[in-house]
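Chains A and B, in that order, give the protein sequences. Note that the first sequence ends on residue 715 in the working numbering; no numbers are left out. Note that the second sequence ends on residue 715 in the working numbering; no numbers are left out.
Hints in this document: simulated from the structure, not taken from any laboratory. What you are looking at is a predicted structure, and each value in this text was computed from that prediction instead of being measured. Mixed in with the good hints, there may be bad ones.
No more than 30 angstroms apart at the CA atoms, straight line, and that leaves these computed lysine-lysine pairs for DSSO-like [what the hints assert, rightly or not]:
no.: 1; chain 1: A; residue 1: K602; chain 2: B; residue 2: K602
no.: 2; chain 1: A; residue 1: K417; chain 2: A; residue 2: K616
no.: 3; chain 1: B; residue 1: K329; chain 2: B; residue 2: K387
no.: 4; chain 1: A; residue 1: K417; chain 2: A; residue 2: K329
no.: 5; chain 1: B; residue 1: K602; chain 2: A; residue 2: K329
no.: 6; chain 1: A; residue 1: K602; chain 2: B; residue 2: K329
Listing some non-contacts, in silico: residues in chain A with all C-beta distances to chain B over 10 angstroms [claimed, not checked]:
no.: 7; residue: P28
no.: 8; residue: L54
no.: 9; residue: Q90
no.: 10; residue: D98
no.: 11; residue: P215
no.: 12; residue: A301
no.: 13; residue: R331
no.: 14; residue: Q332
no.: 15; residue: A340
no.: 16; residue: T380
no.: 17; residue: Q531
no.: 18; residue: G587
no.: 19; residue: G598
no.: 20; residue: D605
no.: 21; residue: E630
no.: 22; residue: P680
The beta-carbon is built from N, C-alpha and C at its ideal position, and this holds for glycine as well.
There are 2 protein chains.
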Amino acid sequence: MLTPLLMLTLSCPALLGVAHADEGMWLPEQLPEQAQRLDELGLEIPVEQLADPLGEPLGAIVSLGFCSASFVSPQGLILTNHHCVEGYLQMNSSADADRSRDGYLAGSQAEELPAGPSARLTVVEAMTDVTDQILARVGKRTSDRQRQARIEAAKKALVATCEEPAGRRCRVAGYYGGASYRLIQARELRDLRIVYAPPQSIGSYGAEIDNWMWPRHSGDFAMLRAYVGPDGDAADYAKNNVPYRPPHYLSLDPSGAQDGELAMVAGFPGHTNRYAMASALRFSRDTAYPWSIDRADEVLAMLADESAKDPEAAARLAAPIGWIGNGRKYRQGMLDNFEASDVVERVEAREQAFRDWVAADKKRQRSVAPVLDELDALATDRRATWKTDDLFYRLVRYTDLLRVATTALRLADEGQKPDADREPGFQERDRDRIAARFASLERSLWLPLDRRTLTRTLTLIEDLPADQGITPVDEFLADHGGVDGAVAALFADTSLADTDTRLGLLEQDPATLRASANPWLQFAASLESWQAPRRARDKARAGASLRLMPRYMEALIQARSRPVYPDANGSLRVTFGQVQGYSPRDGVWNLPHTTVAGVVAKASDAPFDAPPRLLKAAADAPDSRWADPELHDVPVDFLTTLDTTGGNSGSATLNAKGQLIGLIFDGNYEAMSADWLFDPALTRSIHVDIRYLLWMLEDVEHADWLVEELGQAPR
Amino acid sequence: MLTPLLMLTLSCPALLGVAHADEGMWLPEQLPEQAQRLDELGLEIPVEQLADPLGEPLGAIVSLGFCSASFVSPQGLILTNHHCVEGYLQMNSSADADRSRDGYLAGSQAEELPAGPSARLTVVEAMTDVTDQILARVGKRTSDRQRQARIEAAKKALVATCEEPAGRRCRVAGYYGGASYRLIQARELRDLRIVYAPPQSIGSYGAEIDNWMWPRHSGDFAMLRAYVGPDGDAADYAKNNVPYRPPHYLSLDPSGAQDGELAMVAGFPGHTNRYAMASALRFSRDTAYPWSIDRADEVLAMLADESAKDPEAAARLAAPIGWIGNGRKYRQGMLDNFEASDVVERVEAREQAFRDWVAADKKRQRSVAPVLDELDALATDRRATWKTDDLFYRLVRYTDLLRVATTALRLADEGQKPDADREPGFQERDRDRIAARFASLERSLWLPLDRRTLTRTLTLIEDLPADQGITPVDEFLADHGGVDGAVAALFADTSLADTDTRLGLLEQDPATLRASANPWLQFAASLESWQAPRRARDKARAGASLRLMPRYMEALIQARSRPVYPDANGSLRVTFGQVQGYSPRDGVWNLPHTTVAGVVAKASDAPFDAPPRLLKAAADAPDSRWADPELHDVPVDFLTTLDTTGGNSGSATLNAKGQLIGLIFDGNYEAMSADWLFDPALTRSIHVDIRYLLWMLEDVEHADWLVEELGQAPR
């Protein structure tokens, strides 16, 4: 169903200005359409080989759920970003060994550290177009609510069948707003181990100061290894598990890529809004982002304060400080970009050109204009309840004990239904994952923080206009004489802070949970009774979107003269382009490479506290076998024109031969709004050069066994 | 005498590492030695033509005393920097018209504004080697004091003869520490008028924030015109004066220079220390610069405070705020450079290589080692009295009324001697200049500031160790019960704030001045009796330097394999190199051009308050006839590898044909220490592109008559 749409190359000019040589998060199967450009850029392997998601090299690309990764040895060795393994390091930290801060290097396979019970790696085994099956029971007269329900039911049925064999993890991904679907069947491995992670002073050198910035000098790499049971099947961590033998692994090319050469990234980008209407940008710019930034500032202040009080808090809260800080900088960066690059105005102009194109043809006007009107109305609907919905989400998300209670209750409620009818995320297949999260909470829970975030969120809910309030919260506050009383009542019982107690919740039925005297469960139950009809409302909205978006996308594609890629959705994509710098402002060119000399030049206090062993080795870096002959030094990070986003972190950066030359780990500040609008002049991806890892392993860490496992000759 | 030394190209390798292709402030006559490099870079005129200081183009290069400038039309039109005419604009400012801030544009020649009584322009008419005459009476056994006196007497005699015809200004300049001398005969013009100066918001766009920085967007240009009497002779300002017809003027090339192309600067660089000993750098780094920075901070705080209190003060004090701030940033920048680029360590290594070279040969050791020892001892001597000398200078320099009293007294004292015996600076030839400075003080004097700087300086002198004190200050403070009493006693009489009273001092003999009841004159007289023997001491030191430095330079030159240029001394020099960016830090390249789009991108509040008329015109800049085809915009500023320093401001930047393509106005922050050590990788000169001026005149200011006078076709 997809191909005809994609192949449409009508005679109308490219009205929308979206597509550019290096823009595009392409489905592997779309790459042959890009053969000419890939050839111009110097691709040295057949494009058909590159387009095979199960072949070489794409078959070596795997997912950690929140990050991408890749196999790099026949022994299941995995490369990803340092920032993707921070949670695993935290799981392995204690008062004696702060592995979050200091990193870890296994001296041999025997010393590799378990990444923890919630770590998962998925290896794609098949991708099948299931559009027809998903939409089989959806017709023109299907109501929005039914549409959502039937599509969800069809997805769940396909997933259930797919997951029948043990060790499988399946997912149906929708593309082009629901115009097409693919069943992605993956093998799920549960025993991941930490092989090497540099200290923070290398892995996130420069931390928040350098985050999103260029010039960059982060060694944002880490090495894991996947293990399976002795029988070769996926298994929980066990001492006698054996290294997994992946179907494919990437070879490394330590000659790197020079300025202007082809580079590609294969990975699992999470989410983009490349076809959003201008009103969505305006809402984000004027309302949602400023609000989120204010909320992040409040939480960050609390996190900093708690961390300053207690080193134990500092260790537990390092991760949220990182991701909330990152999210805050991301939103502020988008606001800055919006202003500096006229992003909203350009999207408005693009949309106006599209609307003019629609209006220019009576048939188009009849078919497309009502879709646009309905999409506008849908967006208006969502925005009307936006603040309440956001605060409800924050209430549950940022208070760990309430999240536990809510999750347990919903899992129990859904457990009453046949598995196929349960909400996605609360099916049998999700039970282990939830249990793992409940367990790992013992490493990150910090009640004083929970108490402060809850207080703040309740206060904000209390301040909502009367007609937008959250009734059970209002009642709860009234019952306890206001926010402070309510918080005190909840924290009078912190039994859910105990891991066994938490895990015990997963065994209880809804009635038992609802009858519990635990105030968190009682509060969660009252919230749930209020939220249930809102979920139904959201499903109807989702159904409307599933009806409208495919028609909107179809029209957009018709208005274009070039292939169109779908928005990112966490499924495997390939983006390609060149190693290339950019001009951040008039009179300045950001060069495409940084070097070890730059690490040394930045070295001072934290977060630029490069370790002495690195600084010592740096003096000889120009003579290292990993030095670049043109740069006369070991390269550290590099820039490309590739089109990437969150979820791509840890993705393999490939050269023209499909060999690994680096790992992507960030985008640049000047193009943070690229999720909305890709600006070819400004949008760059930031990668760590594989030679920096090799030099680090060999000349700084003296881990020659890993250099050799990466396929490099012994020195 | 010079040539044999310069031509020495011994077989020893270039030990000192000073010379580089683009380093060198060459005497015009040295350019033929550089013919090969000039040819490589693409010089399109005969090098002999370039080497003729009285020919074309060098004959068009003139001096404003503190800045360089050049003739650009047969009607005496002059180009220089905006920051070089700030004093003239201040002379023409009043409560009604703040020309310092708003600039000035004459609608026709009749509207050109007199630059003020102290403005002077010198046009070189002859340069003669007078080494033999200067050193005729100096022998091996001449004492240091005698040496200084005989050289000074010989210089004065040559100058006196040279200046016999009216309208002449002559000077004897010493090179290579006194190894050779040139008599520079110049015509001095006294009627300069302001033709065009942009507002500060263009001329010093970015002000202190952007000062020394790249990317830069300053329109640091201004236009003057020289006038002479109807008979063609130099004359004071008079309405019926006529434009001067210069012997040469530069033609403009609005095609500019592209990245990598030859650029040259001809002008009058003031002072460098390229052959200084490492101990001088260490002293500056560890003692003199930190002290100067502290003093500047104190004065700047006073200036800001006074300016904030009164708009009249703000207008009068804008100039010192500028130059003191600039000097402070310069010293801090040098300290930063010293650290970032290991400047002191590199000079130490270079000096050690030189000392090793001396030690390697017995004859050299016998002749050169004692010179080095004596120079070390001389420097130690000077540093022993440095702080006292510095505070004495500050006392007189930063208190206007005391400067007036001291100057008047010294002029009167010297006036008792035959003119040829008087101190340089206090001869008959200097009288007009002193009178002009006394007169123009009425535009800048601000007594509340004078009072505060005097209070601070007296306090610092009071705090000097007993054996380093300034006796007459100590006595004066004792007589008046301390600093406050002393300041009050002086400021009880502010009659010298009156211009006529000041000018009246110049008519009085020493006895009358010493008998005056004016406390400033009394204080000045007591200071002078203390200072006189110290001046004699300084002359003996100068004599020692004149004995030692030529021998030191001779040895340095022998140790080098390439031509050596003398340190800057305010005489005409030519430097050449290329348009070229540089890397301020790992991963970044500063591009060699900025554009009007960058002016717009920076526009916000002061000092980035680009005028609306500029911002309006900027939209069409890419289509202007002055736009660069490669940049697709009008260029604003550009970078070159040229070797320049203070005094070069306003110098013409020439292309391969010797045509004017811009004006140099600054150096870059990363190489502020270039006066000590030229670092080819980091040292850049910053120029304003002539196309920015042409665009400004035509598209922003609509001054087509000036565009045409600059030799451009009417649009």
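These are the hints, each one checked on the structure:
1. K602/A with K602/B: holds, 27 angstroms
2. K417/A with K616/A: violated, 63 angstroms
3. K329/B with K387/B: holds, 21 angstroms
4. K417/A with K329/A: violated, 42 angstroms
5. K602/B with K329/A: holds, 22 angstroms
6. K602/A with K329/B: Holds, at roughly 22 angstroms.
7. P28: P28/A is indeed farther than 10 angstroms from all Cβ atoms of chain B, at 33 angstroms.
8. L54: With a cut-off of 10 angstroms, L54/A remains clear of chain B, as the shortest Cβ separation is near 38 angstroms.
9. Q90: Fine: 31 angstroms to the nearest Cβ keeps Q90/A off the interface.
10. D98: holds, 29 angstroms
11. P215: violated, 3 angstroms
12. A301: The claim stands: A301/A keeps its Cβ more than 10 angstroms from every Cβ of chain B (closest is about 29 angstroms).
13. R331: holds, 22 angstroms
14. Q332: The claim holds: Q332/A sits with its nearest Cβ about 18 angstroms from chain B, beyond 10 angstroms.
15. A340: Incorrect as stated: the minimum Cβ-Cβ distance to chain B is 8 angstroms, not above 10 angstroms.
16. T380: Holds, because the least Cβ-Cβ distance between T380/A and chain B comes to about 35 angstroms, which exceeds 10 angstroms.
17. Q531: Non-interface label on Q531/A holds, nearest chain B Cβ at 46 angstroms vs cutoff 10 angstroms.
18. G587: Non-interface label fails for G587/A: nearest chain B Cβ at 3 angstroms, not farther than 10 angstroms.
19. G598: Answer for G598/A: violated, closest chain B Cβ roughly 3 angstroms.
20. D605: Per Cβ check, D605/A is outside 10 angstroms of chain B; nearest 16 angstroms; holds.
21. E630: holds, 14 angstroms
22. P680: holds, 16 angstroms
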